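Protein chains: 4
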Amino acid sequence: MNAKSEIKRIGILTGGGDCPGLNAVIRAVVKTAIFRYGLEVIGFHDGYLGMIEDKARALEAADVSGILDRGGTILGTSNRDNPFRFPAMVRGRKIFRDVSDQAIRNLRRRKIDVLIVVGGDGSLSIAQQLFQKGVPVVGIPKTIDNDLSATDVTFGFDTALEAAMEGIDRIHTTAESHHRVMVVEVMGRYAGWIALEAGLAGGGDVILIPEIPYDIEKVCEKVKERNRHGKRFSIVVVAEGARPKKGEVVVQRMVEDSTDPVRLGGIGFKVSSEIEKRTGLETRVTVLGHLQRGGSPSAFDRILATRFGTRAVELAMEEKFGRMVCLRGRHIRDVDLKKAVTKLRRVSPNGNLVQTARSIGITFGD
Amino acid sequence: MNAKSEIKRIGILTGGGDCPGLNAVIRAVVKTAIFRYGLEVIGFHDGYLGMIEDKARALEAADVSGILDRGGTILGTSNRDNPFRFPAMVRGRKIFRDVSDQAIRNLRRRKIDVLIVVGGDGSLSIAQQLFQKGVPVVGIPKTIDNDLSATDVTFGFDTALEAAMEGIDRIHTTAESHHRVMVVEVMGRYAGWIALEAGLAGGGDVILIPEIPYDIEKVCEKVKERNRHGKRFSIVVVAEGARPKKGEVVVQRMVEDSTDPVRLGGIGFKVSSEIEKRTGLETRVTVLGHLQRGGSPSAFDRILATRFGTRAVELAMEEKFGRMVCLRGRHIRDVDLKKAVTKLRRVSPNGNLVQTARSIGITFGD
Amino acid sequence: MNAKSEIKRIGILTGGGDCPGLNAVIRAVVKTAIFRYGLEVIGFHDGYLGMIEDKARALEAADVSGILDRGGTILGTSNRDNPFRFPAMVRGRKIFRDVSDQAIRNLRRRKIDVLIVVGGDGSLSIAQQLFQKGVPVVGIPKTIDNDLSATDVTFGFDTALEAAMEGIDRIHTTAESHHRVMVVEVMGRYAGWIALEAGLAGGGDVILIPEIPYDIEKVCEKVKERNRHGKRFSIVVVAEGARPKKGEVVVQRMVEDSTDPVRLGGIGFKVSSEIEKRTGLETRVTVLGHLQRGGSPSAFDRILATRFGTRAVELAMEEKFGRMVCLRGRHIRDVDLKKAVTKLRRVSPNGNLVQTARSIGITFGD
Amino acid sequence: MNAKSEIKRIGILTGGGDCPGLNAVIRAVVKTAIFRYGLEVIGFHDGYLGMIEDKARALEAADVSGILDRGGTILGTSNRDNPFRFPAMVRGRKIFRDVSDQAIRNLRRRKIDVLIVVGGDGSLSIAQQLFQKGVPVVGIPKTIDNDLSATDVTFGFDTALEAAMEGIDRIHTTAESHHRVMVVEVMGRYAGWIALEAGLAGGGDVILIPEIPYDIEKVCEKVKERNRHGKRFSIVVVAEGARPKKGEVVVQRMVEDSTDPVRLGGIGFKVSSEIEKRTGLETRVTVLGHLQRGGSPSAFDRILATRFGTRAVELAMEEKFGRMVCLRGRHIRDVDLKKAVTKLRRVSPNGNLVQTARSIGITFGD
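Quick note, the sequences are listed as chains A, B, C and D, same order. Anchor point for the first sequence: position 249 equals 249 in my numbering, and the numbering is continuous, going up by one each time. Anchor point for the second sequence: position 253 equals 253 in my numbering, and the numbering is continuous, going up by one each time. Anchor point for the third sequence: position 170 equals 170 in my numbering, and the numbering is continuous, going up by one each time. Anchor point for the fourth sequence: position 334 equals 334 in my numbering, and the numbering is continuous, going up by one each time.
Calculated from the structure, these hints are not laboratory results. Remember, it's a predicted structure, so these values are computed and weren't measured experimentally. Any given hint might turn out to be false.
If several chains are the same, the list does not tell them apart, and a pair holds so long as it fits within one copy or across any two.
Claimed, not checked - Result set (SDA-like, lysine to any residue): computed pairs, CA atoms no more than 20 Å apart in a straight line:
no. : residue 1 : residue 2
1   : 343       : 37
2   : 55        : 104
3   : 231       : 57
4   : 339       : 60
5   : 55        : 179
6   : 224       : 95
7   : 339       : 88
8   : 231       : 330
Please take these sequences and the hints and turn them into a complete structure.
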């Protein structure tokens, strides 16, 4: 089918935080490579770490059987795997070294013709750096927060959204039975997509997102207004990156990197205790946290991940290196890897989603 | 906010088969109408039947509280509600009469300035006819099969797809444990979207859709080939409108209209018994049927339905009558109601989704 | 811990229809055998077939990692595996032979000291026959219909019940929106437990079970009475083994053995078409079928299966052969294998569950 | 049917924390009272508060239609409703008064012949006090933690367990992909049932419960031992009431009463930070919190709640006042209300469940 291609063997790794759909990508890459092009596939363990330490294994069709509906990644991932800034302990001191040449040597020794990198902005930036050093690379975007501007949407977001909505659905009955204000903190450090969409889907009354700084007085007003109209409960959906218009900014949890668990749920607790103090109404917090990352991927995510995986192998065969697959409307496209990781996709305060929310009476606290 | 508008009261009805997200539409229409524009809303019962027989009620904000996560429609629907061809029994014989003037009179007597119709091609065609008779109408598309060309996607499809995928997921373990061929019949009389996407998402091995007539020999070849490679089970996903390339066409179940339940699951049983006969392998059928229509809508469907509902009220206020809301890429748009219902959106046999499926080894029996 | 025991190696097989929780049993047997007693475990493939044909593999702790939440059985199962009546084709004719000596020889050659059989009445009867021929056997009951009198409940039932209830929940919204009678056929050939409990849990209006023959007139009366009281929909839950008081008995589907798929859903269709004919109300059927067997086991089933698996290994170590584990109230007990398979546990027409159903207005058609 | 009974009207209230199944109880009480006995039913709002302030409404069959699958309670509940110790502000100071006579007067003026109280130990103790003052009372136990000794199990627990297990299932994939220790804090202040059973069902490696004080060294040993055997992740399930053998006891969150949200998740964070410090392995915490109380009740809980509701009305008709319904094995029984609330049902450290957990390699840190 592609007789002239020089591509015989592709490598694949999954970097950054785990995300529902990674296994569907791996499966699609392996099946397309083997069934359609007769290639070999090598999977590196734990992101770039496997490339640096040369830990990898051949992936056959049997290895990806039964993983489509599984969360996580069978290849593993790691938060400490940057080959251009790899941590090492030298005489009791932590230093960072560039071990990219070693990583590239491992790639060549394994006769890998193209490397497919599935990752977020961090992992894709490294992919771009490797590409500049001559490594044939194809990228697949992964960001559960959906904050990459180069693609309309990535896999993982829909599953996370569904999990967040189910969480809010569950909390609704307690709110209503106990006449309470329930604060639900969801993911979204820089972009409020999950809070906005889960708030819309779960029937939230207040939604606080990083893109629209809030005034706690406005939030409390809404809660009190509902109370006056006989609605004795309210649901407040808070993105972990939400911040007040003025006053002290809460030090946020760093979802993937923090080692100080005390900070978990910072903003949710802050908002909750202020509402309780100012309104006198019973208030409770739930931090959805890792529940949003796990579980079986939704149909949408499994399909998108499969399309991305298949298209990435096609790009490899077409020798379109330094490119990243993406979704535009309903179409799979590809963009320059360099451009892909430069801009954050954030909620527009004047966009249709926010306007829709306002139209049905949701407050953003602004 | 819209001081000059003459619109004071809007009517709403839901027609055709039920669909997850209808309640989210109703809720968004009522909340937007009341909170944003200060309008009154009248809901007709059981589609156009309520308009013909003048059965309706005022909808307040309290009436739409707690319905966002509920399937079905609080307004009810009916399959026999065409005012231009309304059945009546006259001297023991069924005749059809045009009662549209009566329906329009009811609308006027209730001082309804705009009628919002949520429905599929049948209900929207009637809406277009009413518009031609001078009724100010705004349409919202509803088709669980996703086969309306005027919109990229409608609410209900995502939930149905998820239900179909979950059904296939469940059946997988039995297939694998018993080394069986499992045939799963899903919705899709004219378009194979649910079969195609649920097949992709659920890990189907064979997908049969109306757009690609199948050869049963090719289907059996795939099943036997898998067996030779040690895969002793296969999942065959069949759209109810799938048909063989040649030979007798199975009389299909008419999902919403049939009164002869014996026909249910026609094509699934036909495919199953032929596979069993030709391969000698144990084969079982599951017809998902109504399980795909019910249940709580997915986050995607709740959000899309909410956006459609809010936008429909905006169109009403802008006096853009004879229009239908739709989704283009990620944007809410509107199209001429006349054009909206003329063309079926079907799976392209050469499109990216089918190609992706073929790339990972799925067979369409062609 | 058990220094004197002669038991060094145990075998395990899973027979009969698949059932959520089988993998949890296998996992518990393997982990208890290895971690607590330092034994070896051999798993036979496809029920007794693996013993007859000597197809088996050693099971290590790693082999049972990650299977707790998976439906089905990693060992496979088979419907044609009776060593005392094993089918063979001799000169084009199917004959049955006793190959039990061959099966026992395989067991001995593999130095298996005890055989743990997980199965329903068929597989356990065979286990009892093997025990009489001198094979040290321990049984674990498996019946998704919950119709074994020797145990209060077995694993699989709770998951099937949950699936049946979710199916009814989904169908409710369509019933209500369309003002229809929805007939839902669930498992239960000889005992109506799933129909009764899913009907109670799902809000059914009529429940038809094998233990209480129904009069279709009484069923229709109920439906019409609801209609008169403004309840324009009804949910009728039918066990596949339900039968009318008089008149022609429908030939039932043989769930696990039938090769004639046309019979699937016999009674559901019969009941549905009679209701439609007699009441004139729109009626639809859904046959839940295999959806009830698959999917991830519920917490209850995972725990019960784990307790059964662990206790079976203890019985093996205590050399209590010819016994079967069971649940009595909240306690794990064991009974004589001989007694275990003789009596069917059926719904008592005067028991508390049926009385509770009647108290809240549910009709059994009697 | 019960011609001689003097009972004409029954009252019902739901007290304490909300719990899946409360609506199923209310529905069963109303339906049994109306359909079987022709009684009237009055529902008090917000627990005893409605009785004190005389806020109540008649409950008809239509009022309980469609609530079977809903979490929470349509009657509402309150944490501040003890008529024997009712808080009031007098000259800026909070005092407690006995307003039980007023509450009883309201009951009599409404001609309520029996009061059905659905509640935990707090609400049932009040019911017992009212009974001693001459109020005809029947109790229905409600405790999501399953820690009431007078009944084998109550509704709500199975749903909470399922939610906790699903949470652990979701977290598994992240644990495995990232090679992390994941700590999951679940409900259970005085009894470890949810932690124990969810740990068994979710495949936990360490389970910490109030009944078995833990040694953090033992916990870390287990985690490190798994690591040595190539299992680079561990799941630690912690009941909120777990406590170390020695050293400072963490001040626990008071689930329903705390107004200091900072304490939420105390023990989970403590355990997590100590594991990270001592093992050097990445550790994360998830506090399931209110997610365990909400959502649609499981089939088991809907059925048990329905049986309790129906039986409570029977007890009322039999004039067996001062009694509480309960479950013994598979049978509905009743016990003296006085005895019902005196003893806590806790996990036995030597019981079968704990032994089963140990047999498959789970550690309790003791």
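Right, here's what the structure says about each hint:
no. : hint      : in the structure
1   : 343 x 37  : neither (34 Å within a copy, 37 Å between copies)
2   : 55 x 104  : within (13 Å within a copy, 45 Å between copies)
3   : 231 x 57  : between (58 Å within a copy, 18 Å between copies)
4   : 339 x 60  : neither (33 Å within a copy, 49 Å between copies)
5   : 55 x 179  : between (55 Å within a copy, 15 Å between copies)
6   : 224 x 95  : neither (54 Å within a copy, 26 Å between copies)
7   : 339 x 88  : neither (31 Å within a copy, 65 Å between copies)
8   : 231 x 330 : neither (40 Å within a copy, 33 Å between copies)
Hints 1, 4, 6, 7 and 8 from the earlier list are contradicted by this structure; the remaining hints agree with it.
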